[in-house]
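Protein chains: 2
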Amino acid sequence: MPVQNALYAQSGGVTATINASACGVIEAARRHKKHIARLYAARNGIVGALQEDLIDTSAETPATIRALLHTPGGAFGSCRHDLPSLPQGRAHFERLAAVFRAHNIGYFFYNGGNGSAETAHQVATILPQLGWPVISIAVPKTIDNDIVRSDSSPGFGSVAKYVATSMHEAMADLASMANSSTKVFVMEVMGRYTGWIAAACGLARPGGEDGPLLLLVPEIRFDRKHFLAAVKERIARHGWCAVAVAEGLQLRDGRRLTQAGGDGIPGHEQLGGVAPIIAAMVRSALDVKVHWSVLDYVQRSARHLASQTDVDQAYAVGEAAVGYALKGLNSVMPVIQRISDRPYRWRVVPAPVGVIMNREKRLPRSFLTADGWRLTARARRYFEPLIHGEAWPPFANGLPVHARLILKPVICRLKSTWRDTKA
Amino acid sequence: MPVQNALYAQSGGVTATINASACGVIEAARRHKKHIARLYAARNGIVGALQEDLIDTSAETPATIRALLHTPGGAFGSCRHDLPSLPQGRAHFERLAAVFRAHNIGYFFYNGGNGSAETAHQVATILPQLGWPVISIAVPKTIDNDIVRSDSSPGFGSVAKYVATSMHEAMADLASMANSSTKVFVMEVMGRYTGWIAAACGLARPGGEDGPLLLLVPEIRFDRKHFLAAVKERIARHGWCAVAVAEGLQLRDGRRLTQAGGDGIPGHEQLGGVAPIIAAMVRSALDVKVHWSVLDYVQRSARHLASQTDVDQAYAVGEAAVGYALKGLNSVMPVIQRISDRPYRWRVVPAPVGVIMNREKRLPRSFLTADGWRLTARARRYFEPLIHGEAWPPFANGLPVHARLILKPVICRLKSTWRDTKA
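Taken in sequence, the protein lines are chains P and G.
The first sequence begins at 2 in my numbering and counts up one residue at a time.
The second sequence begins at 2 in my numbering and counts up one residue at a time.
Just chain P, same shape as in the assembly (with noise of 0.2 Å):
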């Protein structure tokens, strides 16, 4: 096996744990020099392979790159850019051909979701039609759980933590005031089309089968009559309800409550936010005073609170990737697979990215009950470890620490520059 380079890079929304999975691929590099002689990252994923901006991560120290297990967002920048498909995508493809070649990167590992393992597997099979072969991994992220063929997706685990102990906490605040003043509280969380998240907030529900919590998510669709029935039982028993709801909501007819504008009211869909649309049906439904929230990217750049469960199993896949390009596995993807749940078991085993990409894991419709408002024991398995355990980063003057990169920069081989992607 030739000593060659390698190069790292982070696609797609960022999570408090996707520079835990950087931590694992640069240590595991590290201790691999024989094999991989430096690895580069490229700035904000494949837009700076692209554009030939390298990062030399061998710049960095060993404390430096440990710190990357607490730090959130991508410390070397994500992208939202997906490659062309070959005929038309010739061009890009010769590009990352062209700067792989001029620095020798022999190993590409991308990390990301559904759509970023597509990149992935293009540069494994098409760079090689090209005249340069490359080991190409797709290292797993996503908050939205929503990865095939894994039991769960790094990032996840950390994010349903977060919005679960929220709705524990507000829920704790709606109890003391429901009396005399806000009977009905609305949380929106991430979820354009899976409701992962969403019913994660069910983890919070105190005590009783019944308690008042209601989860809203994508798989089912919304009834406005069924769910204000459901708030006005809730109040009537407890005095009070709370509401999960997952910002990708839809109506019988398929459109996103953010389309329709919920109950009528026009010019919402601009704004965006789920939340505020409920929030405004339940007011003028039932009388009563309602709070709603939107987290957005609070919740997936909660390191603070990040799950221990996450963080481990957001380093074992970079550090499990590469494991697998050095053993000359190709277009693989390390996933999760469990092996029980009480004690929680798991290991990281390869999948094809080609049976993996462009697909979505939807919640499963047992992970709810008939009545569609709440977690099954069964969805209780699944996710009660995977928030197991609480990973506090280090603190300084009150706020949490976060690795400050040199992001030392490669000098360009190329005399040409890439002008195609917009950046």
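Please keep in mind that the hints were generated in silico from the structure rather than gathered at the bench.
Keep in mind it's a predicted model, so treat the numbers as computed, not measured.
We treat Cβ as the ideally placed atom computed from N, Cα and C, and that holds for glycine.
Errors might be hidden in some of the hints.
[As the list claims (entries may be wrong)] Computed cross-link-like contacts, BS3-like style, restricted to lysine-lysine with a CA-CA straight-line distance of at most 30 Å:
| # | chain 1 | residue 1 | chain 2 | residue 2 |
| --- | --- | --- | --- | --- |
| 1 | G | 409 | G | 35 |
| 2 | P | 328 | P | 290 |
| 3 | P | 409 | P | 362 |
| 4 | G | 34 | G | 409 |
| 5 | G | 233 | G | 290 |
| 6 | G | 290 | P | 362 |
| 7 | G | 416 | G | 34 |
| 8 | P | 328 | P | 34 |
| 9 | P | 290 | P | 226 |
| 10 | P | 409 | G | 233 |
| 11 | P | 290 | G | 226 |
| 12 | P | 226 | P | 362 |
| 13 | G | 226 | G | 409 |
| 14 | G | 35 | P | 290 |
| 15 | G | 226 | P | 409 |
| 16 | P | 409 | P | 35 |
| 17 | P | 233 | G | 409 |
| 18 | P | 34 | P | 290 |
[As the list claims (entries may be wrong)] If the Cβ cut is set under 7 Å, some of the chain G residues that face chain P in the computed set are:
| # | residue |
| --- | --- |
| 19 | 15 |
| 20 | 48 |
| 21 | 75 |
| 22 | 81 |
| 23 | 166 |
| 24 | 169 |
| 25 | 174 |
| 26 | 296 |
| 27 | 298 |
| 28 | 302 |
| 29 | 388 |
Go by the hints and put chain G onto chain P.
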């Protein structure tokens, strides 16, 4: 001094640390059984006192009371309910005197903000006129940090730590997405009349004096043109821009943005939320991708990330309240006096409720730079010690553990019930 019972109650919007004050009151009362026979709690604030809906805190174990230190929400229920003035409100005070007399309540501890302080003052001054003297102490609590005479308000330090951390983390996320996706993130925090919480977000500014974070507070009227120019400049210079905005942001004419509908888009006012208005404004003016979040209850119940300074001060004012009562001080509030910034030293001193109640401490103009966007060094010296230290709660099964109180009801002694107060 005769042995009497005492009554504790919680009022107004709750905080992550109001129960730490409850813990301080209860533990101090238990150390003074010679003077305070039993400490009762009113359910749902003054409403429970009127309704003779009392709880006997002596039924709770010491461990449960200690667990209040890390339990968000109001453990005994809070209320939004002001007592009427005399003479119209005479029936209310006669009812309170009857309840206090029936249960031999000689001490009253009312845990709330500026408005609730007036209730404590009314109890101290009006009940003696009706033949039942009571020593009444206002225990300070508000995330708004607007209590005059107190250097900081218990509840504020924790929300400040949470919003500064959330902004710090979200900025790491935004910085990694900005190259090909989102360039602006707007985070809305609480603060209807004051910008203390929004200003605390300024602690998140990483590194240089002029980082890409803009603060929007109610104390400075919003100027759309000036704001958009600042956002545009930050994007040009840094590639992205984060914005922290207080819910009560006002236009030049004094209307709130949420009332005015922002950019002239009708219908938004009923949904609340200034962040989506700011986001839509930036999107339409600068044609960039914008994300926004509204934290709402999540910020003020985030006990998982409380400030140790705040927990210590919340406990201390509860404990001091009992000491003041037993010394015979009446209608006072234990407030925080800062002795020095660095090292941060503070003590609790009594202040007369009469000069505190219904007033409001606004963010000093000197806390923001001349352009209004950033914290000054003076502001940093003020804020930094308030977010210092992490008071992590215990966790079990991945979620924070909260106190589970028995809430043993006290048997009613009055024949009449109270019907005038809408529950």
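Which hints from the list above does the structure break, by number from lowest to highest?
Failing hints, ascending: 2, 3, 11, 13, 14, 15, 18.
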